[in-house]
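One letter stands for each residue in the lines below.
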Amino acid sequence: MKHLTASALALFLTLTVSAPRAASQPSRPSFYPPAREVLRENPKMVCGNYNLYDFDVPAPTPAPKGFKPFYITTYNRHGARTYTSTSGYDTWYALLKKAKADGQLTPRGEALHDEYMAFYPLVHGRSGDLTPIGYAQIREMGMRVYRLYPSVFPRHAVIDACSTTYPRVMLSMAAFCDGLKTCDPSLEISQRVSQRDRPILTPLSSTNPKTKPSDKRIDSHDSWGEGYAALLDNHIDFDALLSRFFKDPAVVGDSLSERKELCRRLYNIAADAPCVTDRIDLMQFLTPDELFSFWRVENYRFYNVGSRTPLFKGRNWALHEILLRDIIHRAEEDMASGAVQARLRFGHDFNLIALVTLLDVEGWNASESDPEKVDAVFRHYNVPMGANIRFVWYRNKLGDTLVKVLLNDRECRFRIAGFDGPYYPWTAFKAFCESRLAVADKILEDTK
Amino acid sequence: MKRLSILAAALLAAMPCLSAQPKTTDELRAEFRADPNKYGGVYYVDDFSDRDLTPAPKGYKPFYISAYIRHGARYILYEKQYDHIWKALSGARKAGNLTPFGEEICTRFEEAYKQLKGRGGDLSPIGSAQHKAMGRRMIANYPEVFKGAATVHAFSTDVPRTALSMTYFLEGLRESNTKLQFHPSISYAEKHFLNPHSSDHLKVDKWFWSDVRAADAPWRKSYAEWFHEKVDPDAILSRLFKDPSKVTKHAQSLTADLFALATDMQCVPVDASFWDLFTEEERFALWELDNYIYYAEKGPDPCNFKHGYSVSGYMLDDILTRAEKDIASGAVQADLRFGHDGCLMGLLTVMNVGDWQRIVPRDSVKNYWQVQDIPMAANLQLVFYRNKAGDILLKPLLNEKNLKLPFPAVQEPYYRWSDFLAYYRPRADEAIRIVEGGAPVNLSGTVFADGTPLSGVAVSDGIQIVRTDAGGRYRMYTDKRQGFVFVITPSGYVAGSEDGIRADFYAPLTKDMYTPEEHDFQLHSEDQSRYTVAFLTDVHLSNDPNRGDIGTFHETVMPFLRKEIAARKAEGPVYTMNLGDFTHELFWGLYGYGLEDGYKTFLSEQYPTLMYSVPGNHDNDPSVVGKDVDRRAENIYRRIFGPTCYSLNIGKEHWVMLDNIIYVNVEGKGKKAPGVKGDRSYVHGFSEDALAFLRADLATLPDDARVILCTHCPIIKSDGSTYLRPQSQAAELDSLFARFGGVTAYGGHVHRMLFPESPDYPHIRQVWLPATSGNMWVTRPNPLLAGDGEDAGALFVRFGAGAPEEEYRTALYGERVMRIYDMNTVRDWFAGDAAFRRELDLCGERTDYADPAYRNCIYVNYWMFQPGETVEILEKGKPLPVERVTDEDPLFDLGFCPQWQGVEGAKLFVSHKARSSRHMFRAKARTARGEITVRVLDADGKVIRTETMVRPRPFSPEADNWK
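Chains U and B, in that order, give the protein sequences.
47 is the number of the first residue of the first sequence in this note's numbering; add one for each residue after it.
77 is the number of the first residue of the second sequence in this note's numbering; add one for each residue after it.
Please note that the accuracy of each hint is not assured.
As the list claims (entries may be wrong) - With a straight-line Cα cutoff of 25 Å, these simulated PhoX-like cross-link-like pairs (lysine-lysine) come out:
#1 256(U) - 190(B)
#2 156(B) - 144(U)
#3 262(U) - 156(B)
#4 256(U) - 279(B)
#5 279(B) - 143(U)
#6 419(U) - 306(U)
#7 258(U) - 279(B)
Claimed, not checked - Using C-beta positions, here's what the derived DEER-type ranges look like:
#8 759(B) - 148(U): 49 to 59 Å
#9 378(U) - 488(B): 56 to 66 Å
#10 252(B) - 378(U): 29 to 39 Å
The hints are simulated quantities; they were obtained by calculation from the structure and are not laboratory data.
Since the structure is predicted, the reported quantities are computational estimates derived from the model, not experimental observations.
All C-beta atoms, glycine included, are put in the ideal place defined by N, C-alpha and C.
The following block holds chain U by itself, in its conformation from the complex:
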């Protein structure tokens, strides 16, 4: 890698001077406006990570003059999918059907019944599947990437894509690549699904040599279940919720835990429904307060699995060093050889959260142990369906190399002294990544 020439650097710095220097400030809890306000203004956000990808993004900062993108690497969450619980869908189906037959439904319950009966055939047997909306969005994403960076994709450009073994992820990869291929059928795309990539795409997997058996706790209810349950219990009146639909909430189930679980599932089904169809609205059956509370509960879960939660001493995100190392190492290799123009990785939300956390991006780096306060520092609506991080490398004729990182097509800024971004000299960004990797390595070493 060549260093930036003095003139380029000067140009770069002038470019960035006008930008606010927020990135070098320590993280503040008030980074986000209050959640309730955000959700009031944009009610769709209560769907959390079920949100559809928003293609309406701010215009990118133009690249410094003379710089053209030439290499891309990504980590992409799969596209819109159905709710992953088969029994969630089926239980509500059976429950509403039976309550209807038994005359146990309130008028509101009748309305829910009718809406749900229209909805159920779309998801029956399809829990966890990528939906047609999801396929179309990711394909669109592929086409957009091609159009955004035509210089990355000359004819016969070589693209390497890999995916986890989840069908929705494999199909997302297929959709993205089809989007590229539609733009230029000459592209030479290699798509791969292999256990060999598993430690990189899902670093918490036991095939990652740095994991230890207790890391299974990270994605386990055992670790964060208490705070999760408290948020549910303290903010949601389950019987009130069910009473809106059933004349006698007891028909739903004898135990409170059964009733709670039903309510939780109704939120998930409803919040996910926009991923399935735009013709059915199940959200209308929950009150804004209920939606907000459920959102906070799920937000708390994702915070704990992927972000700066104090629960795992940082292991949950530090383990993603293997993914960041792969990104850097492959990029250097590919840029040196020129053999590959883009490397696409397809995976899951919490891995994306952890990677962004590892990169210490503003809004993803606050530690908060009080479940009631987590929504002030973390927002899982920032990992919608199709969420992605994209590293784009630019170079000029002199061979100077810059890199820009986008999260969901929004430019990211990093705490790199002397640079405001979003374009960073590759050497500086790499040094920054290495400093972050050192932090991660230390965490893993200290918690071995």
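Chain U is fixed; fit chain B onto it per the hints.
Relative to the frame of chain U, chain B by itself:
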């Protein structure tokens, strides 16, 4: 399949459904020699360069394609196979256990492993290229189908290599038309028609997984034997390893993994070959073995009862349904399904094309069914054509070659869509009907009572129990391992009997489990409101000239039984329960008298009742040793007496007859005798099958059922512990019987009478029955003395309205349940008989009743003593202190003395040293003369027996006919 002689072609033309000529084994060998990759079977990578593109009839244009496509070339099926091989080779290298050839292979594999590791199951670049090329060919060959924004529906299983195959196929299409509308899907909702062999297919009965697909499915047993007939894994491994036994205990599995490696190398971009691990002969054999597995699991082999291929009926159904819908709407131009090899084989079988549905013997399967015809990326394409008049034809292609269907074409290879529907719709429906019908029926029949079908009758194969329907029909699926089907005779009925002794409530199964069979049963009604059961046990007929058992049985025992049975027949029906040891297997060869001879003796004696039997240890065939001996050694017994575990209802009682002897018969040990190959050892306990039957049987009973258990060996020992091993079986029995308030368990085996109690097993009332043969006919001069001094005879139990009444009758003396000894006269005999004194000298443990300590003692051997009873001994009306002792019966001591057995050179066996009776009561009288009265009081203090003796009472072995 394609090399038809002119004659065959002519025949084919004449008979539309006739299949292709089989390939001879020589032809197959030649084919493999020409292209060794074909040994790989389903791993074969075909470049599909031999393709057909037969022009359509005039005026027809393609407009719709329906296809089922297997994923492309992949790495080895499971990652663990690579690891298994590497572990074996690298381990042996470290241990210095590799041969020079093994070293060479190890080095070669080490290099390849770097590229193979972590990729097990993955689609390889060769596979992705196969699919992309196939997609390109499809759009190039049928551009009319894929013009403009044509809609393509694609469905894949959730297996990554398949999903990627779909992706690459679509990419192949996309390159020629960027407007195409793709709708790819991977969903459980479509799995049933993409991979009907998937274990989460809800419509497939669990039977299919356990009995066809599971690693321990019944057919695999004989397959494993066949494998070893054809291939010697040790010979193969010996070329690699100096000592293969140090490398693996599973030579077959390592061999199979090595073969998979060798065959799969054609699928991966790694330049190494492992064919040299195997000789040509071994390759052929391993191919044939692998080939057969597909035939058995997914083809027409009878072992899967048509289910193996019928599950592919869902695929055919989807092809038909979707084509009808999509052709009608015009909304979809192609339905592409991506799946797996076996599913495609099943589909071709359901479709009755070629020889896929031909049932042939296992050795001939290879000549008709060749899995390399379903290589990597194998595919069935149906290309639909239409003319302006709207007539629809379709062209079927297998691996892009014209496929002949079993009905006439309009013009080869073009078939009328309506003919296709008419032929295949019923086949798809029938296949689905077979699958959704659940487990097959391979055993059925009708139970008749007095000539009319009887419903609700329990029928069993010895493990499971089903009931007859309203038409008296029973149906079941069984592995037939117990070899019988039997009726659990309902109360008030009895099965007919051909010989007058055996009730024909059972039928031996004569066909293999894959062949259905029918057995009907005839019952007739009988008034069982009052009935009697006679117990025989340990009859031990042996034709030993020294024992003279046949004579004693004929002259003494049979007349006794006839008389007692005749008396009871006046009150109601009488049945006999034979609790085993009918003869004695040690003597079968020695005296030329086997189990069948014992049965014939009963026939010639015209034994007067039906007899239900359980086997004893001596009913086993001592010439059988080795694997599965317990089962095989019972074959003679089963042929003569039928099932070894069964039950029947008589009157209000439910009788459970269970074998509790596990025959072991360790080869080469034990007493030598003609025809005896082992030590005739055995374990007291139930087989898993016996327990399974018992659980199933008891589960059919209401809580108020009266259950009686008959076994050869008693459950409970005299000290209250159990004979059964493992002991947990007794606890399980006790808890199973608790629901009925307990059970009376009758057992033989020990040749003694006793009513032992056990606090550990409070729900089992145990009755030990003395042997009908006394002590195997050996005592003298009275040959009918049983082991604890009981007079041999039979227990008769009368069942009716009230509690059962147990009556013991002796063969010689009628009703007799005790013997009273005046120990003063016993003492005289013990002291005075020279021969007996010699025996006592030989065996010091024996009680010497000549001892003055026994002066004036009274011994009462009361063998019907039951828990709760009190025995009183009175001298001149005054009660004496009575103690229950475990001591020898004086008469038995003398009767058993070997000198009197008349056997030349008879020895004193260790087991004959002391025979202590467990139902002996003793009192010491004040005087030597006068009347002694023995009274037995029941638990309520009521006197139930009184016997008297006037002293001095003479005592001698000859003169014991006294009370």
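Broken hints, by number: 2, 4 and 7
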